[in-house]
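**Student:** Model the full structure from these sequences, guided by the hints.
Here's the letter readout for the chains.
There are 6 protein chains.
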Amino acid sequence: MILSSTFKGEIMFLPRKVLEEKLNRMLAEDLGLGDVTSNLIVPEHCNAEAEIIAKEEGVAAGIEEATVLLESLGLNFETYVKDGDEVKPKQVLVKISGDARTILSVERTLLNIVSRMSGIATATRKLVEKIRKAGYKTRVACTRKTAPGLLYFDKKAVSIGGGDPHRLHLDDMVLIKDNHIAIIGSVEKAVRTAKGKVSFSKKVEVEVSNVNDVLVAAKAGADIIMLDNFTPKQVEEAVKLLKKAGFFGKVLLEASGKITTDNAVEFAAEGVNIISLGGITHSVKALDMSLEIVKVKVQK
Amino acid sequence: MILSSTFKGEIMFLPRKVLEEKLNRMLAEDLGLGDVTSNLIVPEHCNAEAEIIAKEEGVAAGIEEATVLLESLGLNFETYVKDGDEVKPKQVLVKISGDARTILSVERTLLNIVSRMSGIATATRKLVEKIRKAGYKTRVACTRKTAPGLLYFDKKAVSIGGGDPHRLHLDDMVLIKDNHIAIIGSVEKAVRTAKGKVSFSKKVEVEVSNVNDVLVAAKAGADIIMLDNFTPKQVEEAVKLLKKAGFFGKVLLEASGKITTDNAVEFAAEGVNIISLGGITHSVKALDMSLEIVKVKVQK
Amino acid sequence: MILSSTFKGEIMFLPRKVLEEKLNRMLAEDLGLGDVTSNLIVPEHCNAEAEIIAKEEGVAAGIEEATVLLESLGLNFETYVKDGDEVKPKQVLVKISGDARTILSVERTLLNIVSRMSGIATATRKLVEKIRKAGYKTRVACTRKTAPGLLYFDKKAVSIGGGDPHRLHLDDMVLIKDNHIAIIGSVEKAVRTAKGKVSFSKKVEVEVSNVNDVLVAAKAGADIIMLDNFTPKQVEEAVKLLKKAGFFGKVLLEASGKITTDNAVEFAAEGVNIISLGGITHSVKALDMSLEIVKVKVQK
Amino acid sequence: MILSSTFKGEIMFLPRKVLEEKLNRMLAEDLGLGDVTSNLIVPEHCNAEAEIIAKEEGVAAGIEEATVLLESLGLNFETYVKDGDEVKPKQVLVKISGDARTILSVERTLLNIVSRMSGIATATRKLVEKIRKAGYKTRVACTRKTAPGLLYFDKKAVSIGGGDPHRLHLDDMVLIKDNHIAIIGSVEKAVRTAKGKVSFSKKVEVEVSNVNDVLVAAKAGADIIMLDNFTPKQVEEAVKLLKKAGFFGKVLLEASGKITTDNAVEFAAEGVNIISLGGITHSVKALDMSLEIVKVKVQK
Amino acid sequence: MILSSTFKGEIMFLPRKVLEEKLNRMLAEDLGLGDVTSNLIVPEHCNAEAEIIAKEEGVAAGIEEATVLLESLGLNFETYVKDGDEVKPKQVLVKISGDARTILSVERTLLNIVSRMSGIATATRKLVEKIRKAGYKTRVACTRKTAPGLLYFDKKAVSIGGGDPHRLHLDDMVLIKDNHIAIIGSVEKAVRTAKGKVSFSKKVEVEVSNVNDVLVAAKAGADIIMLDNFTPKQVEEAVKLLKKAGFFGKVLLEASGKITTDNAVEFAAEGVNIISLGGITHSVKALDMSLEIVKVKVQK
Amino acid sequence: MILSSTFKGEIMFLPRKVLEEKLNRMLAEDLGLGDVTSNLIVPEHCNAEAEIIAKEEGVAAGIEEATVLLESLGLNFETYVKDGDEVKPKQVLVKISGDARTILSVERTLLNIVSRMSGIATATRKLVEKIRKAGYKTRVACTRKTAPGLLYFDKKAVSIGGGDPHRLHLDDMVLIKDNHIAIIGSVEKAVRTAKGKVSFSKKVEVEVSNVNDVLVAAKAGADIIMLDNFTPKQVEEAVKLLKKAGFFGKVLLEASGKITTDNAVEFAAEGVNIISLGGITHSVKALDMSLEIVKVKVQK
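Protein chains in written order, with my numbering: chain A, 185 to 484; chain B, 185 to 484; chain C, 185 to 484; chain D, 185 to 484; chain E, 185 to 484; chain F, 185 to 484.
No lab work stands behind these hints: they were computed from the structure.
On a predicted model such as this, the values are computed, not experimentally measured, just so you know.
Worth double-checking, as some hints may not be accurate.
Identical copies look the same in the list; a pair holds intra-copy or inter-copy alike.
[Unchecked claim] As a list, the in silico BS3-like pairs of lysine-lysine whose alpha-carbon atoms are at most 27 Å apart:
1) K381 - K310
2) K201 - K279
3) K434 - K379
4) K481 - K192
**Tutor:** Right under this line is the structure:
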């Protein structure tokens, strides 16, 4: 086993100030020239208390983002769950207090962040647990198929759900895909070229589309081999081949393409180290939640 | 009938230059300090031709965004579908040619945009057609429950699918929600206050949670009434009440909350003008598509 | 009467954090690489108290902006008037205390904001009162003819002065102007096309240049009709026509073009709901005010 | 005479690309999520020709800005006047052709820029000529009392009108004002301190409020002395004093404060080198102009 | 040997558009409100030809950046060297033609970029060749000790000089430094924790400060071990220990700290795979070059 | 003597908020999608104390920048030196406490800023003192040859070291260089043109390449003459010529080009007012320093 089995999800740390800027840009888009409703309806010096409440079961994520956004707007809050905690319907996630107009003008941006991230974390956790229950240590990874512009948030949510964020973006790993191979000519040439020119700081992964190329890739020195659109049967053959050639356990195997919650365990059973799914981040079901005003106090 | 039945989806026009800046920011996030793979594998003066190909049936959206992004990067392209066209599996949407490294470094950002927008347009179109087939003119609208930061893209995709983008953000309409009413005290006071202070340029919509408040809202002068979490039965009662009081056909009715593809027709049948669903934009299934390099030419 | 007569001016609400970013950008332009004078003259740990003082009579506006900017720079302040209050010559608007260099380096940006906004609010209030004194409820609105880039500030100042901000920018209302009609062919076609495709969330206004088109526009379903460059006489005819056809009181009438402080009452007298003037925001007379250091304390 | 009498107005050069970014930011604010009207009314592949037409007499300014903005949006144009030219009512300033939706969505931003800048240039030119006709070479300068955020545009417009832009912002000159003197204690100490610590690359100006301080400032080594709120009589005394002490013609004199178009010549007559007025930029009357569509062609 | 000996320097690919934005920001800072000199001296429609000329021997870098910046400003150019080429004194690197004011206003920004990057590439190449001449394949790497904000440019210049850019920033590799170990307690615990939680996509490097910890790190599973401030003698011992334990050739060794051009070969001789030096990027000697106008043509 | 001999270095004042934005942008580049190491190794609620420690002798600079950055990240700090103080090896400059992950993720950006600025200040101070010891009052100035994008930081560091920041960027002074003269034809025409059109607020400097042009420049009215690439001998001649013609002591003389620490005194000896060197900012030797964690406390 060349991958740790204690993996819980790697998270990228951003100081609150830096995260704040990303969140404020989201809020600014929603505000346009300003919230016209809150100003019409809510008195100027009105304080309110509000709660973010889960409306279905799942895994909380985006709680840190929520607190950073609230703090940057001068609102007070208390969190009742932390990222990664399981939540039940009607459970209060965060209590907020402060200027009522500000609370109402950030409500939707806040919920959009927390419910999307929680939806991603929930789906990831579900799949990870299914695989664990079936007795496998296989890692569940996402891809770069996120909502456009949301790489940080989508990848962080996968990590919170216990998944592997995989390559974060285009600068942190070499991943040679079918289109690269189409240009350079062969898996072997691609891997040898990359290994010959790459910084020592980076791993080299290559995507292969048939069983023979798995061995080619391993011999050429790939650190990770992505079995693209393989059937479980083909994975089995690839593993056999690698074992025979003495590469199994030395090179990481990632199964990718057409993997779903339903068939994921079959792939895990064949001995790949990682299963990756685009759907975890490109086809998200947001976790249902709402923000409710629970107390109001107009200041004189 | 106070809403046009010829509606095809209102779209917000952005000059290409302004759109380009939004798209470049998305690309920049994915690039980080740069694409390390393309540089290792692809020769410097290499030209390529590539195709964006649909892998499932649906409605194309994001094609304009794709062309703006490609043009801003100095790539050539020809489009084979336009936004709103139906696409079949294996259909080529866009042919691209130009610097191979640039094509490969924008591939994922491009696909993330087009496949998300197409997924939203597809789901919207499906629901609109279901309602039309059942014989109703009811409009399908989205909400502000989009992916955070993607208001423009998600709303435009809904429009392309034949839906109504609804309020675009917080500055273009007054929408008094439950939390506003919790603060000001009653539906009546909320509507009267808003109507008394609002710019003549804006409509006033109010969310009500019970049948009685529908009449209150209409009497207070609301332009649009949102029936929140009503059952079809409750909608029926509300309509009856409004007819009796002479408001039906003068105030717009929007049903919202717990509406799904399955039960949408039942709401349409009760005579509401608009059905709105958060799920169209917060729980998107991306339309599957890929980018394939089809020709390569290294320049000497 | 289809427009509320209790109107006091609708204001767009921006959380302080979001407003702060707009203000800081203004300050940064004035600073360039830094204030060279304050550093040369003012000792490093010098605290000062300063006052913003009105030098002529008018309506205060921009006070909120001033406090947001001061707070973001770490300066303390006490406000002696709030937005919309009338001020007299020599009246203190805001007292400021804190780091002297910071106060001096923000002085001009601060005054530029407050004096421009107050100038706009003052002119608006004056016109509104003139019309009220003449016994009319007609609303005074501005246009999008603001200083470039200052839409938010100029529109907010109009609201503070008791005016209607009108359409905020290009996304919050449909306003079909002469150039649109030149392209599509006729007022009727323009209005019918817009009504057929527009989101239910938006009003449709159309600009007409002759009395006949007023009726055409009303029949085609316009929510608001802009009488462009009409004489009071022509307005009278238009109103007569609409009354006869039963549209008066159902469609809003806005008089626009060549309206000045001098002739505004004549238009109001003819029964239009709104009078709009570009000059309120494109030809502003700033309200004279200054910032005076009143106390200095160098820290050891 | 220590100031050139051939002065025509110094202009700051910005490469078009850098100017483009400032202009695009203004446009983006006006667009919000997009122009909803143009999309509803104007067909997709519609080309139009349009003209920017002066509606009153004045001096053109902002023409360069207009061309940079039009070019960045992919529109074609021909200019019929250049910055600084005099224009008559009905004169065509710029002809534009290209995508009709784009033209209409930039119309207002374009006019706001050109009409404000032309208004400033016109007022400046008028005052400069009045002074020249009276036989004086005195320079007319503006201050930093511009519309907030428009330093570049307002100062450039003054230059186009033949005025002196004065200090551009806080980093390009030392200007010791009353508040600085209040902190450091005296004009003499202020000037000596500044001269002792300032970079050799910068001039030092000081504001004085009484005749005696003029001599103090000159002796302390000020390069320029601002006579703040002096009457013409007081200016006369100051000049006398300087002549007697041998400083006249060696230090520049700037009259500032309470100077208007009406009394400016009186100050010029007393021999100051520069007259500066805040009103040229803080209380602008925009030059009236409009954009008219003159031809339309829908592409098949 | 576990690191390729054909390494020539890995480069991060940025599409020209994305690079352009970084470069324009640098230019904008230098311009402030505009270049006052060029406008005073250079006529408006003046074209010029200019050359960037090396004034000393070295390795060219920043040529791509120069062309991107020139192109974005609408200037024409021809390049006579490409990144990585050796240049001699008086050699022309780039010929530029176009608007003279634009050329002069970008001159300094352009030279600052090219001369800094060339200086870095030159120093890197010199050290790489020294090591090659001594018969070693050891890689020369830089660190994150760049000029603040210039990570991309400094790292790219190192690559052009034949060096390894090492970790690009904080998200692309795990590098456990002394301060991390101070917090977690031991090298062993640090490496085990990281390996247990890290994404499969990333390598784990650890900094050790004594010979014993080298073996600890290797046993704990580190991919790369940084020998911090080791003497050549200590490196020798570490290698011996690793060989005995069977880890040599399986884990990468990086020598870092107090390595200079003078002693680098001694470290190479001991068998480390990588030598890294902060000084290559934090203490740069810019390569001397200038821009000369060679032809001028004023357009009528 | 026309330049003050009490000069200590002019500094541009930026309010902390404005400075913060520049610093946060630097930090954001280094973070990418986040610091993966700190998150893996450092517990979530871990507080640490750290020290920035000098490792060699020099002049501290960047201390203000460090405190602004630390404060913006919510970290506490105590400074033990202020900008301009001399520091010894092992001396603690700043003590920091707060969230350990945040400290570690800002460590490198912080050190990059402080060590570069201190390196510049140290070199400047050394040269200033050498000249003072030789008995001359000549000022040491830098140029615009900074690291690209670091104008503010590099110039401020020069000032802290006792140097003159010279022209800050392209908008604060007229500096006619060889290329400008190549275009306009002669030194005389260049100076006369500039003096005739320049704002009264700015000085005019001209670069001359031979002794005769020095007199030409002085007669034409230049405020400052830059003797470019003159030998000390040529400077001597120029001074003689100016004395004879009565200009010496009335026009400032700046020697520039090929001046080094070694020969600077020779130039000073010839009576120039200013010596400027590009190398102070384009070829910086960073001052060695490090950040050490000295205490750790994990919160329960």
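**Student:** Each hint: holds or not?
**Tutor:** Structure-based check of all given hints:
For a Cα distance limit of 27 Å, the shortest separation of K381 from K310 across copies, 19 Å, qualifies, whereas the shortest one inside one copy, 40 Å, does not. Taking the shortest Cα distances, K201 and K279 sit within 27 Å of each other both inside one copy (22 Å) and across copies (21 Å). When the C-alpha separation of K434 and K379 is checked against a cutoff of 27 Å, the pair qualifies both within a copy, at 16 Å, and between copies, at 15 Å. Taking the shortest alpha-carbon separations for K481 and K192, only the inter-copy value of 24 Å comes in at or below 27 Å, while the best intra-copy value is 43 Å.
In terms of the numbered hints stated before, the structure departs from none.
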